[in-house]
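Colleague: Take a look at the letters that make up each chain.
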Amino acid sequence: MSAGGQSQAMFFRARAARQAGDVGLRRTLQKARPLFVGKRAKGIAGLAADGLGFGALRTACADIRRRVVDDLDVWLEIFEERARATGAEVLWARDGAEIRRHVLDIAARHGVTKAVKSKSMLSEEAGLNEALADAGIRPVETDLGEYIVQLAGEAPSHIIAPAVHKTIHEVEALFAAEHGRPLQARSSADIPAMAREAREVLRQHFLSADMGISGANFLIAETGSAALVTNEGNGRMVTTLPSVHVVITGIEKIVPTLEDFASLMRLLPRSATGQTISNYVSLLTGTRGAGDGEGPEKTVFILVDNGRAALAGSDFADMLRCIRCGACMNHCPVYFSLGGHAYGWVYPGPMGSVLTPLYTGIENALDLPHASTGCNQCGVVCPVEIPLPALMHRLREVQVERRLRPLAERLGLGAWGWLARRPTLYRLVVRLAARYLRWLADDSGRIRVFGLAPGWSAGRDLVPPSGPTFLERYAARKKD
Amino acid sequence: MRLALYVTCLVDLMRPSIGFAALRLLEAAGCEVVVPPAQTCCGQPAWSAGNRGLAAGLARKAVAELEGFDHVVVPSGSCADHIRNVYPRLLADDPQWAERAAAVAGRTWELTAFLVDVLGVASVPGEFAARVTYHDSCKGLRGLGIKAQPRRLLAGVHGLEVHEMADCEECCGFGGAFAERFGETSTAIVERKCDAVAAAGTDAVVGGDLGCLLNIEGRLRRRGDESTRGLHVAEVLAGPEPA
Numbered sequence: 002m003s004a005g006g007q008s009q010a011m012f013f014r015a016r017a018a019r020q021a022g023d024v025g026l027r028r029t030l031q032k033a034r035p036l037f038v039g040k041r042a043k044g045i046a047g048l049a050a051d052g053l054g055f056g057a058l059r060t061a062c063a064d065i066r067r068r069v070v071d072d073l074d075v076w077l078e079i080f081e082e083r084a085r086a087t088g089a090e091v092l093w094a095r096d097g098a099e100i101r102r103h104v105l106d107i108a109a110r111h112g113v114t115k116a117v118k119s120k121s122m123l124s125e126e127a128g129l130n131e132a133l134a135d136a137g138i139r140p141v142e143t144d145l146g147e148y149i150v151q152l153a154g155e156a157p158s159h160i161i162a163p164a165v166h167k168t169i170h171e172v173e174a175l176f177a178a179e180h181g182r183p184l185q186a187r188s189s190a191d192i193p194a195m196a197r198e199a200r201e202v203l204r205q206h207f208l209s210a211d212m213g214i215s216g217a218n219f220l221i222a223e224t225g226s227a228a229l230v231t232n233e234g235n236g237r238m239v240t241t242l243p244s245v246h247v248v249i250t251g252i253e254k255i256v257p258t259l260e261d262f263a264s265l266m267r268l269l270p271r272s273a274t275g276q277t278i279s280n281y282v283s284l285l286t287g288t289r290g291a292g293d294g295e296g297p298e299k300t301v302f303i304l305v306d307n308g309r310a311a312l313a314g315s316d317f318a319d320m321l322r323c324i325r326c327g328a329c330m331n332h333c334p335v336y337f338s339l340g341g342h343a344y345g346w347v348y349p350g351p352m353g354s355v356l357t358p359l360y361t362g363i364e365n366a367l368d369l370p371h372a373s374t375g376c377n378q379c380g381v382v383c384p385v386e387i388p389l390p391a392l393m394h395r396l397r398e399v400q401v402e403r404r405l406r407p408l409a410e411r412l413g414l415g416a417w418g419w420l421a422r423r424p425t426l427y428r429l430v431v432r433l434a435a436r437y438l439r440w441l442a443d444d445s446g447r448i449r450v451f452g453l454a455p456g457w458s459a460g461r462d463l464v465p466p467s468g469p470t471f472l473e474r475y476a477a478r479k480k481d
Numbered sequence: 707m708r709l710a711l712y713v714t715c716l717v718d719l720m721r722p723s724i725g726f727a728a729l730r731l732l733e734a735a736g737c738e739v740v741v742p743p744a745q746t747c748c749g750q751p752a753w754s755a756g757n758r759g760l761a762a763g764l765a766r767k768a769v770a771e772l773e774g775f776d777h778v779v780v781p782s783g784s785c786a787d788h789i790r791n792v793y794p795r796l797l798a799d800d801p802q803w804a805e806r807a808a809a810v811a812g813r814t815w816e817l818t819a820f821l822v823d824v825l826g827v828a829s830v831p832g833e834f835a836a837r838v839t840y841h842d843s844c845k846g847l848r849g850l851g852i853k854a855q856p857r858r859l860l861a862g863v864h865g866l867e868v869h870e871m872a873d874c875e876e877c878c879g880f881g882g883a884f885a886e887r888f889g890e891t892s893t894a895i896v897e898r899k900c901d902a903v904a905a906a907g908t909d910a911v912v913g914g915d916l917g918c919l920l921n922i923e924g925r926l927r928r929r930g931d932e933s934t935r936g937l938h939v940a941e942v943l944a945g946p947e948p949a
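Quick mapping for you: the protein sequence lines, in order, are chains A and B.
Under the working numbering, the final residue of the first sequence carries the number 481; numbering is consecutive throughout.
Under the working numbering, the final residue of the second sequence carries the number 949; numbering is consecutive throughout.
No lab work stands behind these hints: they were computed from the structure.
Since we're looking at a predicted model, the values are computed, not measured.
Please note that a few of the clues may not be correct.
List time: in silico EDC-like cross-link candidates among lysine to aspartate or glutamate, alpha-carbon distance up to 16 Å [to be verified]:
| id | chain 1 | residue 1 | chain 2 | residue 2 |
| --- | --- | --- | --- | --- |
| 1 | A | 479 | B | 738 |
| 2 | A | 32 | B | 873 |
| 3 | B | 853 | B | 870 |
Kindly generate the complete structure, drawing on both the sequences and the hints.
Modeller: Below you can see the structure in the form of structure tokens.
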């Protein structure tokens, strides 16, 4: 996917077919998967040491988020008032275009020529980097993974591990080119050295940037603060070194109190990386005060709708609870067969299969709600009880209600349904089907090419029925 | 105890031996088993496709056929999950059917769950000389909590050795229409399952859902594995069909 907020989700099926065939990519993803799954499992198991159970805790966390989502307007007003009282500016953005306009306005007012960034998926929703570059402002991504994908001219393929699809050799090639040095042979033992190299380059950017742009994991209503949960330390640099700090985040990110934030922090790092707590947890409140050694002179919150408000009170309101931990994609068999770029927009995996159609148009992402085996591995790990398969299912229903499904599928399903309600006729057709399948089998007793199910038979044989149907045989037996 | 055996459309067409195995197991446990003759499909494919009207029509048909029994037993976690967990929601707003659907749903069981949880069967008399590994199908596992029941029953089968494979709770990539609609993706997922099965080095992969078994077995064959079988837990527990 090209970065820039333009959805390619309409082409998911073709993209998925291509990605699934990329053996190298699959190998790279397969190496990462057990780390995500294993670390989360360990992190969740560790809750017991604190006398906590995952089930009760996730219900508590879901309730905190429900409380916010149910009265979002009220909480936003409280947040806005408190944040302004700390000296921050609060702006509202309806969509990506308004985000871009706000940021460019602020940049123009402060004569910004370089912006350092710490992860903000909203910036991806807005295609902000392109807009900044077009306006002559250099955006520099400073999360290591985000830095790598920026060098590659790509979008993140995972919300918390943006470069999970890259091999060490690909990263080495990008670094050698960007940092102007010869290519070296690299192994995983060199990762600390490579990270140090990136760090040195990024340090110069931190010191020379006029603007820091970050997201926020949460907005705390009672204090008007942004909470930032990070591991690399760059988040602190981005939010404190430049004189202007812009926080771009979704309107649903509010939690009422610091206490609530503490509860959610029990599950967010554990669900994401298995950590009991992330290396850095920052609460950013207002601007640099007299006597403060650090902090921005100007703090601006851009609170973004971009489709969120419409979800409140809808069949999809559950999705607004999402705290962006990535556990759903980390446990998704589909995600780990394809990588995030197949999904065609900002959010991959199960959360993307729900959010992309809702935020970019149901008719523009018809495949995504179907891109699930229904295994519910995402639903059981979600720390805020989002029933992801049920939401994907509801989107499928909306597609049917709006007659957005292909004609052949509608006719096929209709014919099958008509038949399934007529047992006598159904029986006859199934009997014929059993004979037809047996006839299709080759000498070894298997169907290798099956025109009625090309998707199946491209990768699998089909073992045909051994004889007449169950009900046929059962009826014959009854007669004896 | 009089119960209905709902064999499922897939077993009816693709592997009737599973239906007969379930029948033998239930009769051996002392149940009077009726096979409602008008049964076709529970309607899950329509539900999964998002076609609520069609799914509700098929749900009403099945409810009408399956009420009037002490229990309904299904040799599939997926179809049992659909009847138990989806029917009540699907027909909740239909005053004529809501209660009837809920009643049938509450009496519907996946085969091994019925044997262990309802009948309290500790072991079955069968014999099956093989080394097998067990695949937990998603709907049975995460929808109905089926995990211990098949293992407990398999542990009592003479001659059978169960070796757990890695990631036995991972999806096999079947997902009904998903396997056809996203064939390459589905194949990539089942490839990992086949790797786990192969690493377990067993004679067969056993499970409670024929869809998953056809998927895994079909991929094993395509990979060139001519011997590892995909067996339904009922086939293993009931042993080979008497001639």
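Colleague: Hints first: check each against the structure and report whether it holds.
Modeller: Checked hints:
1. Of the supplied pair hints, the one linking residue 479 (chain A) and residue 738 (chain B) holds, its CA atoms being roughly 14 Å apart against a limit of 16 Å.
2. Under the criterion of a C-alpha separation no larger than 16 Å, the hint pairing residue 32 (chain A) with residue 873 (chain B) is consistent with the structure, at around 15 Å.
3. With a C-alpha separation of about 12 Å, the suggested pair residue 853 (chain B) and residue 870 (chain B) falls inside the 16 Å cut-off, and the hint holds.
In summary, the structure agrees with every hint in the numbered list given earlier.
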